[in-house]
Amino acid sequence: MAFLFSRVIQSLFVLWLVVSLTFVGLQLTGDPIGFLSAEDATPLERETLRRAYGLEQPFFGQYLLFLFNASQGNLGNSMYSARPAMQILLERLPATLQLVSLGLGLALLIGIPLGVWSATRVGSRWDTIILNLSSMILSAPTFWIGMLLIYVFAVQWRLLPSQGSGTIWHLILPSLTLALPRAAVYTQLLRLYLLEVLSQDFICTARAKGMLERQIVYHHALRNALVPFVTVLGLQFAGLLSGAVITESLFAYPGMNRVALDALTRLDTPVILSFVLLSAFFYASINLLTDVAYLLIDPRVRYG
Amino acid sequence: MARKVAVLLCLMGLALLAPVLYPNPNAQNLLETLRPPFQALATPLGTDELGRNLFALLLHGLGTSLLVGMVCSLVSALIGVPLGLLAGLRGGWLEQVIMRATEVQMALPNVLLALVSLTFLGSGLLNLIVVIGVFGWAGFARYTRATVLVQRELEYVLSAKALGANQWRILRHVLPNIGSGILLQISLDFPQNVLLEASLSFLGVGVGVDTPSLGAMVSRGYSYLFSGIWWLSLLPGALIMILVLCITGISESLRQQLDPRIRQRKPQP
Numbered sequence: 004m005a006f007l008f009s010r011v012i013q014s015l016f017v018l019w020l021v022v023s024l025t026f027v028g029l030q031l032t033g034d035p036i037g038f039l040s041a042e043d044a045t046p047l048e049r050e051t052l053r054r055a056y057g058l059e060q061p062f063f064g065q066y067l068l069f070l071f072n073a074s075q076g077n078l079g080n081s082m083y084s085a086r087p088a089m090q091i092l093l094e095r096l097p098a099t100l101q102l103v104s105l106g107l108g109l110a111l112l113i114g115i116p117l118g119v120w121s122a123t124r125v126g127s128r129w130d131t132i133i134l135n136l137s138s139m140i141l142s143a144p145t146f147w148i149g150m151l152l153i154y155v156f157a158v159q160w161r162l163l164p165s166q167g168s169g170t171i172w173h174l175i176l177p178s179l180t181l182a183l184p185r186a187a188v189y190t191q192l193l194r195l196y197l198l199e200v201l202s203q204d205f206i207c208t209a210r211a212k213g214m215l216e217r218q219i220v221y222h223h224a225l226r227n228a229l230v231p232f233v234t235v236l237g238l239q240f241a242g243l244l245s246g247a248v249i250t251e252s253l254f255a256y257p258g259m260n261r262v263a264l265d266a267l268t269r270l271d272t273p274v275i276l277s278f279v280l281l282s283a284f285f286y287a288s289i290n291l292l293t294d295v296a297y298l299l300i301d302p303r304v305r306y307g
Numbered sequence: 007m008a009r010k011v012a013v014l015l016c017l018m019g020l021a022l023l024a025p026v027l028y029p030n031p032n033a034q035n036l037l038e039t040l041r042p043p044f045q046a047l048a049t050p051l052g053t054d055e056l057g058r059n060l061f062a063l064l065l066h067g068l069g070t071s072l073l074v075g076m077v078c079s080l081v082s083a084l085i086g087v088p089l090g091l092l093a094g095l096r097g098g099w100l101e102q103v104i105m106r107a108t109e110v111q112m113a114l115p116n117v118l119l120a121l122v123s124l125t126f127l128g129s130g131l132l133n134l135i136v137v138i139g140v141f142g143w144a145g146f147a148r149y150t151r152a153t154v155l156v157q158r159e160l161e162y163v164l165s166a167k168a169l170g171a172n173q174w175r176i177l178r179h180v181l182p183n184i185g186s187g188i189l190l191q192i193s194l195d196f197p198q199n200v201l202l203e204a205s206l207s208f209l210g211v212g213v214g215v216d217t218p219s220l221g222a223m224v225s226r227g228y229s230y231l232f233s234g235i236w237w238l239s240l241l242p243g244a245l246i247m248i249l250v251l252c253i254t255g256i257s258e259s260l261r262q263q264l265d266p267r268i269r270q271r272k273p274q275p
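For the record, the sequence lines run as chains L and S.
In terms of the working numbering, the first sequence opens at residue 4 and continues consecutively.
In terms of the working numbering, the second sequence opens at residue 7 and continues consecutively.
Simulated from the structure, these hints should not be mistaken for lab results.
These numbers come from a predicted model, not from an experiment.
Worth double-checking, as some hints may not be accurate.
Within a straight-line C-alpha distance of at most 25 Å, the following computed SDA-like cross-link-like pairs (lysine to any residue) qualify [stated by the list, open to error]: (1) S:Lys10 / S:Met76; (2) S:Lys10 / L:Gly126; (3) S:Lys10 / L:Leu141; (4) S:Lys10 / L:Leu15; (5) S:Lys10 / L:Pro302.
Just chain L, same shape as in the assembly:
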């Protein structure tokens, strides 16, 4: 319990730092009244606007106001659609969630079998092929992988749609684009972890007992090797929620990241800030959740 408490405090601290840094960054970009008001605004109009946004207050007062608003998820209205910035992002969150979870699911489906296959055949031709392939995928930029998929499946074979959303078919190429680099990571990680576990004494014991190799690998080794995956998966999930910018823009997928990218090109500050905050929030909370998950999964882990 004490551990949980201190972790929550720590996450809140990180969030507070992010908010404060964005505030300082905003202060550095100059007086917002300049671009909030009309070109020919009178000094009185400017003053009214200043008061409306609480900008007449001293620095520290503004900071407290910002902190209070940010803690409520309220960073003002979008400059283009006059709706709360956070709402604009959150209504696109389900689409992104769908894409990211499908992508990570696919990555696991590809990565785990390949990792096991590779680890149980270390040094073989298949092992080398899988390792080389995964290094190649990891070295390629995401957009290039996406384009390759588009070129092959949408342009050459005309099998799948490459833009937009709506049907399940629209999800395949973007989620595959997200999945391939992660699958490569999982394959390599799982291979390493499995090799590590397979060289431990309890595996030797299991072999000595005459257990089937298949059972040793799947029942004993894989279970242990998958434990560190919880962190990797959690962090990647958090990272992708606000890191699928390239994939979403490449496939014109109507998710949260594309809204943020549009906001960036139009300098729609409230939306941009909300996005930054939201992504820090996801990271902090998922990080916390994975730490808690360890307590439940791995009996050896005892914090504090």
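Given the structure of chain L, go ahead and fit chain S onto it with the hints provided.
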């Protein structure tokens, strides 16, 4: 390993020779637009929508990638390593502050941070290098602190302390011992920065219009992909992949050489 070094040296040589071979990669030839690769000797990889020689553009873009990747890693190391040393050797509240700061830095995806900063700062080669370089500090700080914590407990530091050495003298003893590890970290960071530069240029906030960039080339060529003109977008991307693959491969082999634990790990039968 040897093959990868050879390829990397070739790529570096070509990038260095690019200004000599093709002084003006932007020379247009509107009679020869969108020529596919492997058809003419003068334009071995085809031409783009303005009839520019794709091979020349690729070589110039390669130079930018190498430059940005290398300089950014150095900038990150220059910021991160001293902070890591400070955290590791001094300890106390300073260490706490620095470590919490690395957590905050890592709480936000680098692409997102760089994207936001470059949008407000404006794109351009210098801004890009500064932004990627500065945001890369956390990894170096964490790595340096971790190695310093190990070194701090070793006998040579303890005996230096026993002989009355001050912080600076200890630092002078520790630095050579962690130097090779830091160089390795730089070489591991380098390809990641190449990818980051490509992504940012692809999203349109990279090095700017007048600097050749592989990522920007992919982005420009993307609209032609749907009409089956693949070379404009897929070739620059493939070049990025080859470059990153070589550097990562080399630094991974170096790591295996340096890390006795990995070297000794024999494959299981």
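Okay, the hints, checked on the actual structure:
Between lysine 10 of chain S and methionine 76 of chain S the CA atoms are separated by roughly 18 Å; this keeps the pair inside 25 Å, and the hint holds. The suggested pairing of lysine 10 of chain S with glycine 126 of chain L holds, with an alpha-carbon distance near 20 Å, which does not exceed 25 Å. The straight-line distance between the Cα atoms of lysine 10 of chain S and leucine 141 of chain L is roughly 16 Å, inside the 25 Å bound, and the hint therefore holds. Annotation: proposed proximity of lysine 10 of chain S to leucine 15 of chain L is violated, straight-line Cα distance about 46 Å (limit 25 Å).
For a cut-off of 25 Å, the pair hint linking lysine 10 of chain S to proline 302 of chain L is broken: about 44 Å separates their Cα positions.
Hints 4, 5 from the list above are not met by this structure, while the remaining hints are.
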